[in-house]
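The chain contents come next:
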Amino acid sequence: MVIELLTKRYPGMRAWLMQRLTALVMAIYSVMALGRILLEQPSDYEAWLSFSQPWWWRVASLLFWISLSIHAWLGIRDVFKDYVPNASVRGLLLKLLVVMLWVYLAWATWLFLAYAGSADLVLR
Amino acid sequence: MRFSIYRFNPDVDKKPYMQNYDIALEDSDQMLLDALIRIKDLDDSLSLRKSCREGVCGSDSMNINGKNGLACITKLSDLDEPVVLRPMPGLPVIRDLVVDMTQFFEHYNSVKPYLINNDEPPETERLQSPEDRAKLDGLYECILCGACTTSCPSFWWNPETFVGPAGLLQAYRFIVDSRDQATEERLENLEAPDRLYRCHNIMNCVDVCPKKLNPSLAIAKIKDLKIKEASHAKTTGMFEKMVSKKQISIKRLND
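In order, the protein sequence lines correspond to chains B and G. In this text, residue positions in the first sequence follow numbering that gives the first Met the number 0: the first is 0, and each later residue adds one. In this text, residue positions in the second sequence follow numbering that gives the first Met the number 0: the first is 0, and each later residue adds one.
Note that these hints are calculated values from the structure, not bench results. Keep in mind that the hints are not guaranteed to be accurate.
[Stated by the list, open to error] Derived pair list, reagent style DMTMM-like, types lysine to aspartate or glutamate, alpha-carbon separation capped at 25 Å: (1) B:K80 to G:D12; (2) B:K7 to G:D223; (3) G:K39 to G:D79; (4) G:K111 to G:E130.
Next up, chain G with everything else stripped away, as it sits in the complex:
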C-alpha cells in the first residue's frame, strides 16, 4: 500500500516535504495505525504520537487524506491510495506528524474544565437526577484529540482568541452540569467578541469528530443560554434598582 507522509525535522530540514512509502501489509494490519507502526519499523526517523490504539487517548490524531481523524480507528480498507498523511493543520509542527498542542490546551484550561462547587463536600459523591446526568451525554466523551479545533477555519484565523470547538464543548459540559455552581461566571468568561462568537457554524468539527460528538450544537446552546442569562440579569438588575429606590423613599418618609 502506498503512503505519502509529511516529513519535517526542524533540526535538519529547511522546509517540509512529502515522503512516499510503499509497504507490504499483513492480514493483521487493519487500521491506519498498524500501517504506520510498520512504516516506523522500516524508517524509525518518522515521528508520530500514539498510545491506547483504540480511540480513547486521542494521541494519534492527524490529517488523513485531507480530513482530521484518529489513525487507530481509521480502517485501511476505507482509504484511497496514496494515503496522504499530514499533521493536524493550524498548530505548529514539532516534527513530522507531531504538533505542538500548547495553544489548544491553553484554550481548554481557560474554560475551567472542572467542577466548581463551593458547598461542603458530601461523604459520598455529589448526586444528580438521571435527567440531569443525561444532559452530559455527548459532552463528557470528548478525548481532547484536537481533530475538531484544528479543522475549524475560525480557529485557523484566530488561534489566540477563539476558544475552539473542543474548549467550548467542555465549557458547555460544565455549564449544564447540575452540580456546578459557576454557570454565570462561565458564561461571562465567554463574552469577549472572539472567544465564543467567532464560531460561524461551519461544522467541520462535527464532520471530523472521531467520537461523533457535536460541538456546534453545544456552542449554539451556550449562545442561547447567554441570552437567557443576560435577560435574567437585566430583569434582576431592574428589580433591585426598583427595590433600592423604594427603600430610599421609605427611609425619607420615616425621616
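Here chain B stands alone, though its shape is the one from the complex:
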C-alpha cells in the first residue's frame, strides 16, 4: 500500500515518504548489526569475514546500502537546493553526487554479492 504512494501522482509525498522508508530500513539494519556484533563479538579478521558471510546478511547489507544511497540523494539534493543558489553550479554538484552514489553502490554490490561470497577463497 505504501509503495503505491511512491508514484508520480504524489511528487512531494514521494520524496518525503521515501526518505522515511529508507531511514527505517537503515535503522532496522543498524539495530541488527549492533545486536550481531554484541552477540558474536568478532575479534579478528577471520571472525569478521564469517560475520559477513551469511547470504541473508549480505542481502540485508545491500538493502542498507541501496537505502543509504536513496536517502543521501534526497537529503543532499535538498541541501544543495537551499544553499547553492547558482543553478549551473548546483547542477554540476548534483551530477557529481549521482556519479559518486552510483560508484559506491556498484562497489558495495560487488562487495556484498560477489566478493563476500568468495572471500574465503580469496584468503587462501
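Guided by the hints, dock chain G onto chain B, whose structure is given.
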C-alpha cells in the same frame, strides 16, 4: 537604556546601517514598544509598524536581539543591552523596521484561509460538536505577525515556493474544521514538492511564536493526513475500477 536599531531609507541610503540610541526610560515604560515610541519621539524618521499594543494585531513583529517577536509584549527587563533591533529576516525591507509582507500574504491566500461549504447556509451559525471545536484550538489564534515564517530557513531559501509555517498552520486550521468540505482539495493543493515538504522540522517557528502556537505539529499532521487521504483515494480508485470491470462483464453477459 541602549538600543542599536537597523536603519535603511531606500530613498536616501545606499546601504543599511545600525544606529545607536541611548534613552532615559520612565517607570511606565515596561515593554519594548514603549521604548520605541519614546525613541520615535526623539527621532521621528524611525519607521515601524504598531497598532493594538497588546499582542493581538501582530503589526510590530521584528527581530529582537536575534529572535523574532512582538515589541509590544516583550518586556524591557528581559532584554540584554544594547538591544539590537532589526526588521524580520527573509522579506524585503521597505524602510527601517518595516518589511514588505506581500509574499507572506500571497502564501497565506494560496491555502484559501476561509471556510468552504457548499451546503445551503443555515439560518443561524453552522454548528460543531465541542470535540470538533476543540480541534481548532492552537490554530485559530494565529495573528499573522509573520514571526514564524520569517524565522524559518526553509522559507528564507525558498520564499517563492514554500508556503511557510503561518500559511500551513492556517491550511491545517481549515483541513480539520468539521464544517469545511474541501479537505481533499486542500491536501491536493499542498502536493507540489516545495509547498509543504520543504519543512524539515527545524522548529524555529515554534520557538518564536508570540502566541505559543505549534506550526511544526500542524505541518506534521498535514503530512499524516496526506498519506491517509492518498491511501484512501488509492483504495477507492481500485474499488471503482473493480466495480466498472464487473459492470462491463455483466453487460457482456446480458448481451
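Exercise for the section: Report the numbers of all earlier hints that the structure fails to satisfy, in ascending order. Expected result: Violated: hint 1 alone.
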